[in-house]
Each structure stands twice: as C-alpha cells, then as structure tokens.
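Using the sequences and the hints, build the whole thing.
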Amino acid sequence: MNPLLRVHELGVRFHMRRSEVVAVDGVSFEARKGETVGIVGESGSGKTTLTGAVLGRVPISCGQVVFRGEDVTHATPRRRRELTAELQPVYQDPFSSLNPARTIGQTLEEPLLVHTRLPAGRRRTRVEAALEQVGLSGRDLDRLPREFSGGQRQRIAIARALVAEPSLIVLDEAVSALDLSVQAQILNLLLRLQADLGLTYLFISHDLDVIRHVSHTTVVMRRGQVVEAGPTAEIVTCPASEYTRRLLDSTLVPDPELQAARRGRVI
Amino acid sequence: MRRLELLIPAAVLTLVVLAVLFAPLLAPHQPLEQNLDDVLGSPSAQHWFGTDSLGRDILSRILYGGRVSLSGAAIALAVFVALGVPLGLWAGFTSGPADRTITWLADLLLALPTVIILLVVLAVFKDNEVVTMVALGVTGSTSMIRVVRGATKAVRGQVFVVSAEGAGLNQWHILRRHVLPHVRGPITVQATFFAATAVLVETSLGFLGLGVQAPRPTWGNLVGESIQQIQPAPWFLLITGGVVALVALCVGLVGDAIRDMTATEPDLPSPSRPARARPGTASTSPSSGVLALENVTVCHGGVTPLVTDVSFALRAGEVVGLVGESGCGKSMTARAALGLLPDGVELVSGVVRVDGADVAALSSAARRRLLGRLIGYVPQDPVPSLDPSFTVGSQLAEVVATEPGLSRAEVRERCADLLRRVRVPDVPRVLASYPHQISGGMAQRVNIALAMALRPRILIADEPTTALDVTVQAEILDLLRTLAAEQDLAVLLVTHDWGVVADLCERAVVMYAGEVVEISPVATLFARPSHPYTRALLRADLRGSTPFSQLPTIPGVVPAAGAWAYGCRFADRCVLAADECRAAPVPLRSTPDGVARCVRSDELQKAEVR
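Quick note, the sequences are listed as chains H and Y, same order.
Here the first sequence is numbered in my numbering, starting from 1 and rising by one per residue.
Here the second sequence is numbered in my numbering, starting from 1 and rising by one per residue.
Simulated from the structure, these hints should not be mistaken for laboratory data.
Be aware that a few hints might be false.
[To be verified] Simulated restraints, written as ranges between beta carbons of each label pair:
(1) H436/Y to G26/H: 27 to 35 Å
(2) R78/H to R100/Y: 54 to 62 Å
(3) G242/Y to L144/H: 51 to 59 Å
(4) R78/H to F548/Y: 31 to 39 Å
(5) Q437/Y to L118/H: 48 to 56 Å
Quantities reported herein were computed from a predicted structural model and do not represent experimental measurements.
All C-beta atoms, glycine included, are put in the ideal place defined by N, C-alpha and C.
Below you can see the structure in the form of structure tokens.
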C-alpha cells in the first residue's frame, strides 16, 4: 500500500545575513494511513521546521514531500489552499491558538467557508458534529474561548482540525502545555479519533514517553538530521544510536526505586 | 542609515546650542547696538543676516535671543524630567495608595488648560520667564508620569525583577539597576518631544509680547518684530522664523531616531495574574524545621482564598516536592514562603517560620532582606529570569556585593567560585556572557548560582526543569541533589512531574484546590497513596502505560478558586466519594507515615495502585 505521506531527503535552509542555517537536513520518513509517525527531538532539532515544511509554511530547499502520490513540494499557492483541507495542524498553546474575540462557532466554521460551499445550516451541523466528536456539545458554539479551560480549548483546536475532514493531522507539541490528567484525556481522545476516523497523525513532541504511547513509527531527530527511525517498539527497547539511548536514559520514571537505580546510568 | 538619522539633527542642534552659548564671543555686534544709518539692511559681509528697523545686527540678536529662549526651554525640560521620571517610577513600581495618588494628580493636571495657566502665571509674576517655564514643565510632566508609570509596570512584572526581589536587593537598587535601563527609551523619547514643544511655546509667548520684553532680544520677539517688517525686509522673517523651525525640527528628529532605535527592542511579555477564590476553613498542626508553614491562608483582594490552611515543614538537607496540577495553589504557596506574593494577594492568616522566626511579623523591607539572605529562589524560565542588559558576572556581583566589606577582587572571586560550585565548565566565558548568549541549561545553572550567592539555608525551586530539554533536566536535578546534600540545604521543589518527584524528593506535599491533601514519604506515596487525588494523578501518568491504550483519567477539571465545594473539594471527581465526603470539610488525618485529607484513606491503603 502506498503511504499517505512520504517525505524524501527533505532539506530546509535559512539564509541569514552572512551565514546559512541548515534547519532540516536530508530527512526521510513515511506515514501510512491510519497510523502515527512520532517525531521526537530536543530544542533545536528542527522538528518544528519539519512540520512547517510538510504544511507548506516553510520553503523547502531540497527533497520531496509526496502526499497521496502527488508531489506537493512546490505546490502552487492555490493547490496549497486546497491541500489545507487534507492537512490540518494542532498547535501547542491552547490559549493563543484560538482568536479570543470570535465565538467557538465562528472559529470552527472558517475551514468550511474556505473549502466548501455549504449553506449556513449544513455548516452548523458539521461544526456541531465536530464538537461532539471531541467531547464538547453544540451548546458551546456561541461561547468565547476565555470561557473554556486549557484542556477544553485543546479539544476545540482539535475540533477545528476535524471540521474540514482531513486525512492527516499534524500535532505540534499538542499535549505539552497540558496538566497531567488533562494530557491523558487529550491523548485518549486522539487515539479514539484515530481508531474511529482512520486518521493519520504526524505527532511532534520533545517527550519520548508521549511518543512511545501514541506512535507506530518513531523518528528521532537531532540538529536537523534523523538520528534513527523505525518501529517505535524497537526504538524504545533497543535503540541503535547512542543519542537515542541517552534520551531514553534521561527520561524520568515515576517510581522512586526504579529511578534511583536508573540514575546511576545517566551521564 | 539609522545612525545618520540621529547624527545629522544632533550635530545641527549642537552647533546652534554652542553658538548661542558663546554668543558674547561669536556675535559680531552688541545686540542692542543701533545704527540708524543702516536700517533694514539686506544681508551683507558686515551684517550676515542684515539689520532690523533700528539698524541692529540680526545675527547678533538671534545669538543673544537664543540664550533666553533655549535656557527657558531647558528649564521647562529639567522640571519635566525631574518631576515626571521619579513620580512615574514610584507610581509604577509600588502600586497601591502612592500609585493612585500620583495618577490622580496627573489626571487632574491633564484636565487643566496649559495655555490659560501660563497666561495666569505671566500675569501674576509680571512676565517672569523662569517661573513661566517651570509652570510649563509642571503641567507637561503628566505625560512623562503616565509613560514612565506604564513602562515601569510592564518591567515590574518581569521575572528578572521578581527574581531580583527574591535575591533580597532593596527597592532603590532594583529601580536603578533593573527597571530604569528598560524604561530609558520611552523617557528619552518623551523628553525630546517635550523639548521641541518647550522651544515652540517659549517663542510663541515672546511673539505675543509676553515674557522677556524688548529691546532685549528673544527668538519670539524677533519673529514678532520681523512680521511687522515683512514688506520691506522679507528675509528678516525667513531667518528668525527659520532658526526656530530648525531647532524644533532637529529636536523632533532626534526624538524620532531614538524612538526607532529603542523600538527594535523585544516586547516585554505581560505578567500572569493569579486566579480568584473564595473563603474556606482552617485547622492547626504544629511543625518545626528550617522552613515551616503553619496554617497559611492566602487571599486575593482580601476575601477570595487561593490557598487555605497549608502546613508543612522542611528539615535541613531535605528535598520536599510540592505537587499538583495548575490551579491547585502550589506556586502561590511557594511565593508565600518566599514573602513574594503578587499585588493584591496577601497572607491573611497563618505563620511562615524561617529558622524558627515568624517572618510575617516583620516589616516588608526587613522580611525581604531576611528572606533574600536565607532563601534562594530558582525560577521556571531560566533565560527570562536574568536581566538581558547585564552580563552574568555583573548580575552575580550585584547580589554578592550586598554582603558588606568585600573588596572588588573578593566579589569577583566569589562569583567565579559560585559558578564553579554549580558545575559551570568555562567560568570566565560565562561570567562575561549576556543571558541570550548562553544555553537554557547554563542559564539555569546561573540562576542556581544566584540563588546560592548569599549562602541560603533554603532553596525554593519553581518547576526548575520544565523549560529544559530532558538531557539537561537530568543534569540540573543532579546538581540540586548534590547541593542539598553538600550544603545541608532544605529544598522545596514545586513540580507537576511525578518523574521529578521520584528522582529527587524524599517527601511530597500534594495540593488540590488550594489545600494540602496528602503529605507522605515518596516511597509510600508512589506505592500506597493515601488520597484518591494522588492515586488518580499517579495513574494518569502515561509512563509505564501500554502503548495505544486508553489512559485512566480524572473526570472533570480542577475547580476554579471561586468554586470549591464545602465538603471534600475533590469529591465531585472522586470514584470513592460518599455522602459523608460532601457533608463537612474534611480535616487532615494521620496516616502511618504522614497525613491525608480523606475520610476513606484507610480503605485506600488496602487497595493496590497499579
């Protein structure tokens, strides 16, 4: 089966005044339909630039992004706009990613106004359906973002991504700003939506534990390059690279005895 | 390009000011020297700018006239700055009654019409130029007060200012070192624009025949005179008016250039505000240690509680975790211990003991001094907590030098030693670096060094590794562990991460909805939590979960501070909740090796966590 998304030898360079910064260097991976690719890396690893390149927000210097067999590396602006219905992002900060002055209904309706010619009644039905899919109700349509908690806002951000009925959702640190119990709720929601709707996720996180929980395949990045990639179970049990091993050893275990034993190994 | 925009008008201004200043040396004629044979003469070799209706040399009159006009403007400017800057800083920094009074006075002045005030002053003081210009400075200062107050308020909430307070520096020092450099831009811009206004107002008054009277020249009365001669001698107005316009224009351009240069500085983010809350109950439990909180209740606006009846103690050398989700009051509890509650939030009851002494009983200045010395504070965001305009070395030296009797060399050596103790590899380079030049992990080491500078007994760290990469996190946790052991420090670690608790802490204080729900040694806490919230929060941790499985969650959300239940505050989200939980507030009860606020904690002990 052809992968839904194929990234091949992707490179992104930024030209500074005198120097050139290679933010992403020769990155390749594939995302099959209904599966999750986890991209893990520390700050400066280029994972956010990579998502920007996939979403068409960052100019690509070399390599290819192939979506549903179509080379979209240098898609025209018009084609890009059409593609946004298929490729939807969810960002980290649930407080700044929603316009505070617009009601939830207005925000969620926007993708439909851009991508469809549905009449107002049908748009409303779609928006209500999306809200119910994320565990909110149609009654919330006329409320403003400030009336919701952080976890609820992240549900709204997910609903906004769902409204356009995309096949791929790019989750950029989507649970990193959330409290522990809320993070668990949102991860449960994402896993359920994936099972129900056959969604494909590109899940970017600095947290290897989150990636381990949600990803079928994992790409470990460092300084713009892929350190190692493969099935998640293999990477977290027997990592091939020294760096991945160090990442694994540095993660903390919520168990005092086990953590004390691990501490000796951390460099 | 930017530099030229500043340099050209600044050079022109300097030339004009110097020429006016040295008028007695430079002027070719006396300003009052008449020559009735040569009235309204055109510009010539002898009279560069021509002569007026009494045959006086116009160039000389302009040079001498500038002495009146420019010194008038300088007086107004001096009053404007001397009044506006301190009042603005004071209002912006203190808030409270001083702020309200100053803002009210500024508003009142703003409502008065400046022109009428100046005319009244001129009438009362019989054309006294100095008094008039002082009056202009006073009425104008409202704009300076407002701008400085606003800029100060923005800087006031910055983490590095809060950190400086935490380090025990006095207010005057903080204002001068940490606040003033960041409000200098707006001050300069306001001052230059006011200077231009002052020049124009002074000449307008002269033009109207007010202030210094003819035959003594001022730029204003020269313009007035030249208007009368516009028919026979049009160049007269061109020259006199031109000088005034040139000076006002150049001052304005200098202001513009400075504004553009300062506008490139990054915007300061706004500080976060605490949430609102509602009253609760209190009980007692005695405790002892280096740091002890006893029945601490913290309220916002005097009525709405954010933290109620919190008691716990830290022994020397002990690391205690303060755990909970956001909105549970853990950061507010830490700030109460530091004596650094935000504006509008205060300790309404309870005692904070440091080394046995009740610090709440001290005056706020004495408390800040004492806590600054005894308690070190490590912030969450390492880089924004350092002042971007000073090197690491100078920020360390600033705190080290608060200890009296140290020579410069000793201060320098102490700074280097501090950095070595927090395992900074390249000490001289880091000392000479600005905060943006070092990595987040290095910046956090510097923050820890700052916290350790006055050899505190207690370290309070608010999510010290949340903003750091995992590989760096491990190093910082190791450092904190070593410091606690080597220096016998008591460490209070605010965190939401069970992994950090498991790694570093000996005991944990779990908070929910503004109160302590459990205190236990970590081994017990992880194996057999005594409160359902602790258990639920441990289970929600995805580490150790089966991949792709649905994680156990806690239904609902942490109630806002205003919406706490009368009985057990967790009851609405608790799987074990019974009627008795909701009937009355639940007191803390002893468990085998700690306390828990649950009526069913005995049953919970029997159930297995995992």
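Please list, smallest to largest, the hint numbers that this structure does not respect. none
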